[in-house]
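Trainee: The chain contents come next:
Number of protein chains: 2
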Amino acid sequence: MEEQPGGVVDEVCDPRELLELMRAGDQGAVLAVLDRMGTADEVLAFSRLPEDARGELLLLMGPERAADLIQALPEPLASDAFEALEPADAARILERMPSNEQADVIGELDDDDAGAIIGHLSEEDAHEMRRLVAYPDDVAGGLMVTEYLSYAVNARVAEVIEDLGTNAEEYAHYDIQYAYVTDEHGGLVGVLRMRDLLLAPRNKPLRDVMIPSPVSVGDHDPLERLVRFFDENRFFGVPVLDDTGALCGVVHRVAVETAVAEHGDRMYLSAQGIVGGEELRSMPLLLRARRRLSWLSVNIVLNMVAASVIAMHQDTLEAVIALAVFLPIISDMSGCSGNQAVAVSMRELTLGVVRPTEIARTVLAEVSVGLINGLVLGLLLGVVALVWKGNPYLGMVVGGALMLNTVVAVVIGGAVPLVLKRAKVDPAIAAGPILTTVTDMCGFFIVLTFASSMLSRLT
Amino acid sequence: MEEQPGGVVDEVCDPRELLELMRAGDQGAVLAVLDRMGTADEVLAFSRLPEDARGELLLLMGPERAADLIQALPEPLASDAFEALEPADAARILERMPSNEQADVIGELDDDDAGAIIGHLSEEDAHEMRRLVAYPDDVAGGLMVTEYLSYAVNARVAEVIEDLGTNAEEYAHYDIQYAYVTDEHGGLVGVLRMRDLLLAPRNKPLRDVMIPSPVSVGDHDPLERLVRFFDENRFFGVPVLDDTGALCGVVHRVAVETAVAEHGDRMYLSAQGIVGGEELRSMPLLLRARRRLSWLSVNIVLNMVAASVIAMHQDTLEAVIALAVFLPIISDMSGCSGNQAVAVSMRELTLGVVRPTEIARTVLAEVSVGLINGLVLGLLLGVVALVWKGNPYLGMVVGGALMLNTVVAVVIGGAVPLVLKRAKVDPAIAAGPILTTVTDMCGFFIVLTFASSMLSRLT
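Line order of the protein sequences matches chains V and W.
In terms of my numbering, the first sequence opens at residue 1 and continues consecutively.
In terms of my numbering, the second sequence opens at residue 1001 and continues consecutively.
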């Protein structure tokens, strides 16, 4: 097994080796180890270093390489690393990152740290950074880059071609599929396709080569609008205008896709009770415990409310103790069925095939599934109860209760995300607890009321 | 309220209006309604039409516009629509879509339908389609497009520029940031940047302008490798080589980002018990019920296994009926805590900051959080039990059980995704049921064993 490539990667990636070399001050050996790693291995090794060694490693890598690593790190790790660096060193790394990634990292820092780092940038860069950090993450201004080509409308083709050649190094990381053409006030008047530039006579002014009246988005347009824009247009990027109509950045399709992927991950994490959608086990213990508890403590109160329904029917339970075995089953299965309906509603909302107002339509589609699945599951549980205790009435009570409560669960599960969406509450985090509380109360009530109504036949 | 933009959109989007106009045969009016809609509204309206009207609408739109709509539809809706069309009509729409989207739709059809449609393509297109459909969705071959520019290594700059001008219309939807340069056997020998073409003397051969020995991926390389590739490189696309080393397509960064976003959505849906990660309420009722049941039926069996622990301790429960109130609370809360740990492990696996082998490390990080959260939740539940029944021993039993079982739940929840990943089972769908079954059994066992050991003090 030792020859497997996996084994080799594991060895290369051992953070202890890296740490030992760093402690020994053997800079050449550290760089040699890094050279053998891909970015993914670097991320893993970096995340395992003690906090004080992380800043040291970044310095050792040099600003260019450190900038690449920072961009590959999960956001909380990246900002922690920046906080540990001297502001001047952090600024040197920052300068080598694209503007939207700069703003993401700086935006995560507290104001003092951010201010100190920004203080080490050139006046122009500092001004731009303050402007970018002010945008929320999920609007065009927060997703745009300020690295783009723009030329004056009166410039000639030859001047553009000369500029491209002269500044080739600066433009190396730009997306130069398009350049933007502006008037004397910075207003966007056209888009220039590089292919058109290729084919144009060199002395023509840009106004004769550009595509006039280009589409654009506003700097405060939300992510949702950008998703729609790129769904409806095949462009790789869209220019962003500020309130005054001046060109201030470009949002690339890739940035929007990445933001959507992160949104999907956050949805999953929120649904599982990770508030804020972010936790890494390298974070401080008390922070992790506190964040998880904030969700758990709401849930335990809701659970007690639901269990109070059982407490109110203790006499029934005392008479038919077998019911206690079925209560957790009914609670858990109704939760499962309801969560499936929640997931489908979330999916349909994301895909735009249901509107938050269409609650009746959703409920109707769920009732039918709930009836079928409830019938199957209820029969199964009823037969098990009958066989176990030899009492058909017990089977009827628990099977009937599960059937009825499955319908309740899918109806509530299907409707709750739509209702929360309309109320502008994040359905991912809130739908689960609401669902389980209501279906538990309902399930306990149904089974215990059924049972007490035919108590003489159950005992 | 009538003036709100929302109201207008709702009205524009009413599928009944569209259906009436179609039934009346008023083609001009239908197109006028469509003209007022954005793509998102078209998708919503389309999904609401009766199945037989959907094909009719696509024909009415014309192939160019129908192709745009098909690409915006959720995949199951798109393939249903294709099945309903005459193969010749479907082929006409298909021809207007990019090759990777063509393959996605055709790949969803059953073999007969797919064969009939492919039969109407030109021989060359049909050959290419059969080749593309054979790739799984999540390898380079399944994500690549075959619309790219390639030129022979001996061609001159002037020829390329002339070709770009002559075929401008065909290339309109291509990403022409790069062109690929091949030898006489189709082997990839270089990449040509359009900006370099711009600045090159017109009579130079491409071999003097291109970047030689370009990076590439293999057609069977998995999504994971592509994600790493684009993490580590800033390119917007990467050329794909087949087994013989011949250039066969280009994977764009956007296609990889989209595939990752879909993977995140599937993870969320799977975790909520939507097997296969796809359900829309427009699908047939029995299909929806059957798919959901496949997961529910496994769960109900697991639930019964867990509940058998209660059944084995019925005498204890009979003696202290109040315990029945706490069993569902302990079951649900342990599930919540465990699911948080599952979510963090899934997240860390996705981000690459934990390896599937690092179970000890994960367990250690969870035990500490479990102890803190278990202590807080256990104390809370214990005090409630004490206040309710005035019996400190009852508080000790249920509080202690919840504390202990919280630790069990986070340890299992943290470890299970890693174990499943190593066993090559999808952790998203399987982790939840395994977690809840084990923690339920464990929780019921702990509370009922504690209780029976101090039965005299509880009654």
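Heads up, a few of these hints could be off.
[What the hints assert, rightly or not] Listed below are several chain V residues computed to face chain W (Cβ distance under 8 Å; list not exhaustive): (1) Ala152; (2) Val153; (3) Arg156; (4) Arg195; (5) Glu318; (6) Leu379.
The hints are simulated quantities; they were obtained by calculation from the structure and are not laboratory data.
Built from N, CA and C at the ideal position, the CB exists for glycine as well.
Trainee: Checking hints one by one. Is Val153 of chain V an interface residue toward chain W, by the C-beta closer than 8 Å rule?
Mentor: For Val153 of chain V, the interface hint is violated, since the closest Cβ of chain W sits about 20 Å away, which is over 8 Å.
Trainee: Could you check if Arg156 of chain V really has its C-beta closer than 8 Å to a C-beta on chain W?
Mentor: violated, 15 Å
Trainee: How about Glu318 of chain V: closest beta carbon in chain W under 8 Å, or not?
Mentor: Given a least distance of 5 Å, the restraint on Glu318 of chain V holds.
Trainee: Hold the hint about Ala152 of chain V up to the distance rule: shortest CB distance to chain W must be less than 8 Å.
Mentor: Cβ of Ala152 of chain V sits 19 Å from chain W, so the hint is violated.
Trainee: Can the hint on Arg195 of chain V be confirmed by a CB-to-CB distance to chain W that is less than 8 Å?
Mentor: holds, 6 Å
Trainee: Do the numbers back the hint for Leu379 of chain V, that is, is its least Cβ distance to chain W under 8 Å?
Mentor: violated, 11 Å
Checked against the numbered hints above, the structure breaks hints 1, 2, 3, 6 and satisfies the rest.
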